[in-house]
Every structure is written in structure tokens, then in C-alpha cells.
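Construct the complete structure from the given sequences, taking the supplied hints into account.
Protein sequence lines, in the order shown, are assigned to chains A and B. The first sequence begins at 9 in the numbering used here and counts up one residue at a time. The second sequence begins at 146 in the numbering used here and counts up one residue at a time.
Hints were generated in silico from the structure; no laboratory data involved. Please read all numbers here as calculations on a predicted model, not as lab measurements. Every residue, glycine too, gets a C-beta built ideally from N, C-alpha and C. Do not take every clue at face value.
To be verified - So the derived list for chain B, only partly shown, Cβ under 10 Å to chain A, looks like this:
| id | residue |
| --- | --- |
| 1 | Ala189 |
| 2 | Asp192 |
| 3 | Gln250 |
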Amino acid sequence: MADEARTIRVEALTRVEGEGGLYVRLRGRDVEEVRLEIYEPPRLFEALLRGRSMEDVADIVARICGICPIAYQMSAVHAIERALGIAVPPEIRTLRRLLYCGEWIESHALHVHLLHAPDFLGYDSGLSLARDHREEVQRGLRLKKHGNALLEVLGGRAIHPINVAVGGFYRLPRREEIAALIPDFEWGLDAAVATTRWVAGFEFPEFSRDYDLVSLVHSDEYPMNEGYIASTDGLNLDVAQFEQEFQEQQVPHSTALHAVRAGTSRPYLVGPLARVGLNFDKLSPTARRLIDELSIDWPCGNPYQSIIARGLELVHAFEEALTILRAYRQTSTCRVKFQHRAGTGHAATEAPRGLLYHRYEIDDAGLVVSAKIVPPTSQNQRQIEDDLRSLVPVVEAADDQRLAEQCERLVRSYDPCISCSTHFLKVKVDRV
Amino acid sequence: MSGRGSHLLVGIGSPFGDDRLGWLVVGQIERRGLSSAHTRCARAPADLLDWLEGVDRLVVCDACLDGGPAGSCRRFDWPTTSLDDVAFCGTHDMSLVATLALAEQLGLLPKQTTIWGLSVERNFPVVVSIGDNRGDSAIERDLSPAVRSALAPFVAVIERDLNHA
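Written as C-alpha cells, this is what we have:
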């Protein structure tokens, strides 16, 4: 008898950043179709920005995401500054790294402890995990709170910060505001180490991919705001050439554009696994010692072990933030003066979920002529589908519910921006 | 935190329009000395998790969207499934319901927890005014008419709840 077709459908619940679902159709062990369905309504931000003052851009694009607004602000101001030929002083550059540390901390702490860890410990949600793992969950909440506190001090508020400006900041924090954060960040560094050791002890599925890892690489620092675009296949690209190397494609089942390498049409992976894989030698000293201790080979191709990469980046972010906090002296210049001029600027920075590319064309009155924004989650969509095609034949013997859970778990390891809670997906299985 | 006792009143809000409601309630109860409960203003529900140690009664007030007419008042005693249909006015981070559920799982939630919600209008334009040191009456002008009218009775009912529960 011919194999019957099975359809695994995972429907999504609405969340702040959008909706996502999953459709898998297989016949026997053969996967006929995989669709990561993103229903996220068209955001229209690129069109919304046209005609707006380039000084409004950072505050507008921050609204794209409540979890990683800093990433959008950073890519935006860097691109606009390149268009205008603005060079910010080292003190501003350092504070921008500090701000990014806050965002990585709050985003990674949430995902590691409440969204991803339950998958490894047999819980169906962060809530049920909290009942039996109070210490770890409370540690995660406290780590996240310290990330938020840094965003409040430097960004003006934790959600959609309002202090990032073209040329610098609207206001610099006072020395005492910064110093007050130091004790919590000293605790945070130790706690992040404990978290990384905790997650490294999880049991990981034996599933590894030969990823084309893509991230920024910088000659002497772990990448956040600057660098060239590198990949495991030897790419070494100026950010301004992003659109020549990476192509966006529309697919019928997603309102977010997929991205592939232009020459090969192959998917690629951005995010913590890619960043650590391409930059592990630039991590902070404590994170590098942890790498040695944990005996994991980097680059790592196991998507589930992205939780370890996030742990390492938590350690790095706390350690780098502490260095900056301790050395902080308020300077007199919070923002570089500049003249309007027509131009085009490109920038890529490393959002918690991976490389985030922006391009802006500005006219001589300082108005946006065109904008292009390529977020990390949309870049990873094709890779997620590719992973699922490899995973499903391995786990197809499971019943439909278990199979759907395995698929969800793999998607969650990417920390896609469509997931606001650990088990956000309702599962429906239709047998054809 | 101000006040004494093991009762805690938390107002959740932001500086914008009707969403400021929770802060206004706390401010009025604090300044007018209407209760000896500790008082706190939170920007995000998750802030609560840091304040629950030693608290044996928690009262939370927040603006909410529950489909009812703007200015109508609702009380929920935790645990309750009635909250499932109510959207409190935060759109990011952990929701109030998720926060309370998490606090319960962590063993932090007081035995007595009450949530007071005041329905607001979804489409009332948000007024962004500068300066938190404006008087209450100036700040209240940013509220929608229905919520402005309901503020005083809302404060009174929460005050009664705090003092006579």
C-alpha cells in the first residue's frame, strides 16, 4: 500500500510582533512540503519612513520590535550617519555598545530561561518550569531586569527607548546613574556564568547542520555595531554590498520576505550561533574561559545549542558592560553637529536574533527618499524550513502531536521574533 | 515605596493618556493619605515580581480593554478565568495575567490578590504632555472624558477595598 500523506499543521496565536505557524506535509519519510507561515501583517515601515525627517527615523523604527528596538535604532543611525558623513567620537561609540549590551541581556535572558529552557526539561511552558525550577527562573527574571535597567538609564526607557539620535544621544547619563548599575552587573556576570553552565548541561538532540553562518566580524571586538559581513564560506563583504550578496524573495505563505545567498540561492543562518561561531575568539575573557570549560566545538551546527551561544553572549554582554560602566566619565558632547546633505548610507548591526541591515537614501533637506530594512528573523526563515526538511524524516515515526512538538521546538531554537511565549503555537493535525 | 503595612497597592501605567490611570490612582491615594498600604507605580507588570516579599495582600489597578463602556469598573479576585477576556493596556513584555501566574508558580503571590480594572476607550487619541510635575488636574485633562469622570469613584472604591477588606 502506498504511504499515506500526513499533514502537520501548527496554528499560531496572535502576539505583539506578529503571528507564525507551521505546515508540514509528508508521505512516509518523504517531506513533500514545509512552510513556515508568517501572517505578520505588512508593517509598511519602509514606506512610512519616506518623506520623514531622517532625525525621526530612529524613534520610528524602534517601534518595529518591542524586544529589540535598540537594534533597529542602531542600524538606522549608523546608516544615516554614513549617508551624511558623520563620524561619532569614541565615547559615543562606546556608549552605543553599552546600550546594545542592555538589549542582548534582556532579550537573551528572557529566551534562555522562560522560552527555550522548558523544551529541554520537559515542561510545556515557562510557567510550569517556574514551579519546579524557581531559582533558575528567578535568576533569569533578575538578569532581564538588569538589562532593562540599563536601557532605562541610557535609552530613556526599556521599551522603545527614545534617547538615540543621529550623531549620538539626546542626553548622556550622569556618572552616578551609571555607577548605580555596577553592583547589579557584577552579580549579573556571575549569574550569567551560572546560567550558561546550567544550559550547557541540558541533553541536546543529535541534529547538526552544515550551516552557512553569516555575521558581522570586527578585527578587534565582538561584533555589535560595526564590522564587515563574514560567512563560513569565506565571505568578506563591506556592509554597503549586502544587497548584492543577499537577495530577498517573496513566497506565498509568508508576509515576511525570505533571504538567500545571491550566487547560490542557498539559505544561511544569522544569530547567536553564527556570531559565536565566527567570533568566539573575540568574546570576553570569562566567556572564552567558559568555552574552554564546556568543550563544545565552535562553529557549532546544532541549532538547539543556540541556547549555549545565548548564554555565552549574556556573559560577554555583562562583562563588557561592566568594563564600560566602571570607566564611564560624562563628556560634554552628547551629539555630533552635522549638516544636511543628500546621500545614501548602509549599516548592519547585530540584533539579538542576528544581522539587521538598513539602507537609507536622504535628500539635501534631510528627508528620507527611500528605506530598506532586512530583519534577522526574515533572513532565517528559509534556513528554518530547510532545517525542518532535515528534521522531519528523523522524527516522522512519532505521532502527529509529538511530531508537531519536535518541529515547534526546532523553530523555537531560533528565537524567532514571532514567539512571545514558550509554547505560543496551537497544534492541529489533519490526516489526509 | 511609601506607606506601612503588608498591603501593597500597585498602579500600572505609562505617561500616555488613559494608560496613566493606574499611576493617578496610586498618586491620589498616596497624597491624600487614604490608606496605610504600601504603594508603587509600575511601568510593566513584571515589576511586581520584585515587590511581593512580605506582602499578604496585593491590590493592582490598571486601565483595561474589556469590551465594556469606557469608565466602567471591574474587580477580579485571583485566581479567576474572567481575566482571560480582558486586555490590560500593556502591549509589550509579560502581561499582567502572565506576571501574576508566574508569581504564583514562584510562590511569591500573596494569598489575597485583587485586580481593579477601569475600561478605557481603544481609539481615544493619546495626548503626550511634557512634565510630570504638573498638578493632578492638568494631568487628568489628558484622560478621555469617560475615564476622567470615573477616576474619583474608582479611587474611592479602591480605597474602600484597601481599608475594609
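Each hint tested on the structure:
1. Ala189: With a closest approach of 7 Å, the Ala189 of chain B hint holds.
2. Asp192: OK, holds: Asp192 of chain B within 10 Å of chain A, min 8 Å.
3. Gln250: holds, 4 Å
Comparing the model with each numbered hint stated earlier shows that all of them hold.
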